[in-house]
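A.B. asks: With these hints in hand, go ahead and build the complete structure from the sequences.
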Amino acid sequence: MTTIAISQPRVQQRSRMGQIFRYLRRNKSLAVGIFIIFLLIAFTVIGLLTISPSKAYPLQAASKKPPSLKYPLGTDFFGRNLYAAMAVGMWQTALIGVLAGAIGTMIGVVLGFTSAYFGGPLDAAIKGICQILTPIPGFLIQVIIAGSIDKRSVTIYTMAFIVVLLAWMGPTLVIRSQVLTMKERQFVSVAKLSGVGPMGIIFGEIMPNLLPFIAAAFVGQVFYSIFASFYLAVLGLGPLREPLLGNIIWSANGQGAFFNGWWWWPIEPAVAMILILGSLALINIGLDEVANPRVRKAE
Amino acid sequence: MAFARLLIRRLLFLLVVIWAASTITFFVPRLSPRNPVRERFAALARSGGFSPTDLEKIIAAYNTKFGFDKPLWRQYTDYVGSLARLDLGLSANQYPKTVIQLIQESLPWTITLLLTTTILSFIIGNLLGAVAAWPRAPNWLRSIATPFMLLQGVPPIILAVLLLFFLGFKLKLAPLGGAYSIGVIPHFSATFVWDLFKHQILPALSLIFGSVGGWVLSMRGMGVTIQGEDYVIFAEHKGLHGFTIFRDYFLRNALLPQVTGLALALGSVITSGILVEGVFGLPGLGSVLGAAIQSNDFLVIYGIVLFITVSVATMMVIVELLYPLLDPRIRV
Amino acid sequence: MTTVLQVNNLQVTYYTDSGRARALDGVNLTLNSGEKLGLVGESGSGKSTMALAMMRMIKLPGRIEGGQVIVDGNDLMALSEEEMLNARLSEITYIPQGAMNSLNPVMRIGAQMVDAIKAHDSKSSKSAIEERCMEALESVDLGRNVFRMFAHELSGGMKQRVCIAIGILLKPSVIIADEPTSALDVVTQRQVMETIDRVQKDIGCAVILIGHDMGLMCQFVDKVAVMYAGRLAEVSTVRQMFSDPKHPYAQALISSLPSLENKGVFHGIPGLAPSLLRLPSGCTFHPRCPHVMEVCKTTVPALRTVPGGAQVACHLYPEKA
Ligand SMILES: Nc1ncnc2c1ncn2[C@@H]1O[C@H](COP(=O)(O)OP(=O)(O)OP(=O)(O)O)[C@@H](O)[C@H]1O
Ligand code: SF4
Ligand SMILES: [Mg+2]
Chain A
1 MTTIAISQPR VQQRSRMGQI FRYLRRNKSL AVGIFIIFLL IAFTVIGLLT ISPSKAYPLQ
61 AASKKPPSLK YPLGTDFFGR NLYAAMAVGM WQTALIGVLA GAIGTMIGVV LGFTSAYFGG
121 PLDAAIKGIC QILTPIPGFL IQVIIAGSID KRSVTIYTMA FIVVLLAWMG PTLVIRSQVL
181 TMKERQFVSV AKLSGVGPMG IIFGEIMPNL LPFIAAAFVG QVFYSIFASF YLAVLGLGPL
241 REPLLGNIIW SANGQGAFFN GWWWWPIEPA VAMILILGSL ALINIGLDEV ANPRVRKAE
Chain B
1001 MAFARLLIRR LLFLLVVIWA ASTITFFVPR LSPRNPVRER FAALARSGGF SPTDLEKIIA
1061 AYNTKFGFDK PLWRQYTDYV GSLARLDLGL SANQYPKTVI QLIQESLPWT ITLLLTTTIL
1121 SFIIGNLLGA VAAWPRAPNW LRSIATPFML LQGVPPIILA VLLLFFLGFK LKLAPLGGAY
1181 SIGVIPHFSA TFVWDLFKHQ ILPALSLIFG SVGGWVLSMR GMGVTIQGED YVIFAEHKGL
1241 HGFTIFRDYF LRNALLPQVT GLALALGSVI TSGILVEGVF GLPGLGSVLG AAIQSNDFLV
1301 IYGIVLFITV SVATMMVIVE LLYPLLDPRI RV
Chain C
2001 MTTVLQVNNL QVTYYTDSGR ARALDGVNLT LNSGEKLGLV GESGSGKSTM ALAMMRMIKL
2061 PGRIEGGQVI VDGNDLMALS EEEMLNARLS EITYIPQGAM NSLNPVMRIG AQMVDAIKAH
2121 DSKSSKSAIE ERCMEALESV DLGRNVFRMF AHELSGGMKQ RVCIAIGILL KPSVIIADEP
2181 TSALDVVTQR QVMETIDRVQ KDIGCAVILI GHDMGLMCQF VDKVAVMYAG RLAEVSTVRQ
2241 MFSDPKHPYA QALISSLPSL ENKGVFHGIP GLAPSLLRLP SGCTFHPRCP HVMEVCKTTV
2301 PALRTVPGGA QVACHLYPEK A
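These protein sequence lines are chains A, B and C, in that order.
When you line the first sequence up against this note's numbering, it's residues 1 to 299, in that order.
When you line the second sequence up against this note's numbering, it's residues 1001 to 1332, in that order.
When you line the third sequence up against this note's numbering, it's residues 2001 to 2321, in that order.
Derived by calculation from the structure, the hints in this document are not laboratory data.
Simulated crosslink set (DSS-like; lysine-lysine; CA at most 27 Å straight-line):
1. B/Lys-1070 <-> B/Lys-1097
2. C/Lys-2059 <-> A/Lys-28
3. C/Lys-2201 <-> C/Lys-2118
4. C/Lys-2201 <-> C/Lys-2159
5. C/Lys-2171 <-> C/Lys-2059
6. C/Lys-2059 <-> C/Lys-2159
7. A/Lys-64 <-> B/Lys-1172
8. C/Lys-2171 <-> C/Lys-2123
9. C/Lys-2126 <-> C/Lys-2159
10. A/Lys-65 <-> A/Lys-55
11. C/Lys-2126 <-> C/Lys-2171
12. A/Lys-65 <-> B/Lys-1172
13. B/Lys-1172 <-> B/Lys-1198
14. C/Lys-2159 <-> A/Lys-183
15. A/Lys-55 <-> A/Lys-70
16. C/Lys-2118 <-> C/Lys-2159
17. A/Lys-65 <-> B/Lys-1170
18. B/Lys-1170 <-> A/Lys-64
C.D. replies: Take a look at the structure:
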């Protein structure tokens, strides 16, 4: 077959920062999401620097005070300073989310990768376990686990651990299917034909193409972990002493906060939760546009 | 014939899932070094919650289920055997009701609420997501999807709290909770049905607003790929009208993965459903589960978890068996 | 011979992140009824862009900046959206690059043919429409049973034929086939080309075949157009193009084809294809051209007919006396 020599026109490179900035200006979801995350981090850092975390625990302030100069976010029924409680609670929420998200994603990447790349009985086993666990609502299993351990011994780390137990199937399946399709793609076959070894193919060809999906899976897992730990805490299954956002809502609901007029008490963690999960959702949408260039809008 | 084989395979799969779920509910409590059952009954006996004979019966019921004196494998086989007889045990809190009775009483509430909200949000979410991914749709139509995508990050339970506060408490547009107005005796009349309906509005809104965004997002992601597919472009080259392409070439293909997504989402649908029920005090599975968690009524917790798991797995298998009707590539 | 297609000064720009890419820079082309033209050029030279522009199917970030596409005396660029919908398939047909995935996987082949006819003709009865579809299938050597099948039940060559059958349903005046044979095996390639050849004779339309495979294509076309960086470098008959190419780029192309004489020696074309973002001034080929002159760097050569009948855009050839 006679084929005309193929060469691609070169595209002029602009400076990297400039390009990122230009891209963020167009990818509004990513930009806004990152912006909100920065605000939340700033709030937490400033909070932790300006007030002692011990003020986040009961009997540290006058109780049931609405927001004022003395107590910028008010205090709750039990005498927590909510400003301190929110800062500590956000930090703990982020800790659980990132910890459980990272571990879950790591497990998922390793399992999904081995499963898809090497195939065989290993693949069958991993896929089978995922398939069997998928129909079981993970949250309910977590309810059983969390409900069966001594509530006094539950810590932030126990929470993260409980969440991770059921948080790796999603990334495993996503990475597995991506690797499967990539294995079929041309560039991998070409690399194979030209004698590149399996490690070379994994790290040279597949990994770079997988990165957007790993990033998306990580954000998704952080999202999921925050969601799950929040749900557990709202049901009263979290570490009850800690000012986790879910715990604050749980105790506010338990004391009938709205009906007693202490509106700031449940609203503050609720708004924080909306901002956290909303910004993660925005970043997810944005990353989706990276992984899926066809979403990109024309200028 | 091929279908019979598939059916048998899926039913076997269902059995495995049920087995896995029951095994988890059996072993997980045992991983804890404490004995929650004993502690619970000690506490109950101290507070004198019920007569000593009742207490004996309950403990006996727990012992057949969790007979801690027997060897572990006997406990396990007994447990599986009782499940096979659909015996989920007795409630400690509402003795002498069985767990099955509690489920039967609360289930209709949960099914009504979840079925309507799930169907509505699936339809609304997928249409909005499809339109958002469709470049030729008018901009105002495409932008309707955006607020829902943002709401996607908000757990329905937070929406429930916010809606309850603003619409219920502040504006007094809807009742604050319960299944029907206090003091009304359930009967069949237009006013009573209206009363029931009013009490379902806020829970339904929380669930719909909480889940539409998810559908929008996944449909938009799917749709963006599909709208660039060669067959959609070729359809344009054929000179078809935009709406025909949208419906027959774009939507039909983009919806297929969403149907699978629906099966996969059932678990989280039920999770948010029961949490929201709890917030509004609707007498569904969620409130029963919440009360059981508060009072350490273990058999009820395990029974409801098992029941939900089996239902979700069954529905997933049904969806999977129906899927070939939608996708000709997977004819059996 | 009547002129069925006349492209005048067609211009397309893609507004990309890194700048404006002039993918089509003033293309002129004339085709008579029954004529078959092969359009060749490097990847990225703008062949598909030209085809899509003729269909008015350039999508954002691309824009048709100007020009005329006159089919049977009507300028497509002047039509309303609605009229253009109607002109697609009935006046001008595009058989897409990658016909492998051009059929809707969840609709029967028949339904995808019927809706195409219905979009242009709301009067015919259902049975008449179905009969037309069956005939179209038969004319591309497919059985009538394909009507009831799904895309996944067809081989690649059959799918390509279905696309051709759809393309000829309304007997258009111009058919553009974009790499109709890529991803097919050699035997099937030839059969598909023969099919195109036959339906072209049946309905007497003009055909533009886009492709990389000069060897295969030139057995089926009358004329060859060589595209370089969004402009036509040379348009001439197959015989002239192979025996006596005029444009230096066309000469390089032809001599890079393997033949018995230069067996085993591959002559690439020196230099890189230009970035569409910063096209060289004057003749875009001048940085790579062995015959480059001062005038080439400043003045764009127009496409003009040279002695012998070929049309060439190169300063080496003076205006026909
Ligand atoms: N959607 C687009 N956005 C930006 N640039 C585009 C787009 N489509 C095409 N281009 C640019 O326009 C130029 C011409 O592309 P075109 O697809 O017409 O080339 P082609 O000659 O058909 O190539 P091939 O032989 O690979 O099919 C290329 O440089 C390409 O980068
Ligand atoms: S115009 Fe000049 S540079 Fe361009 S091809 Fe002809 S001789 Fe070469
Ligand atoms: Mg092309």
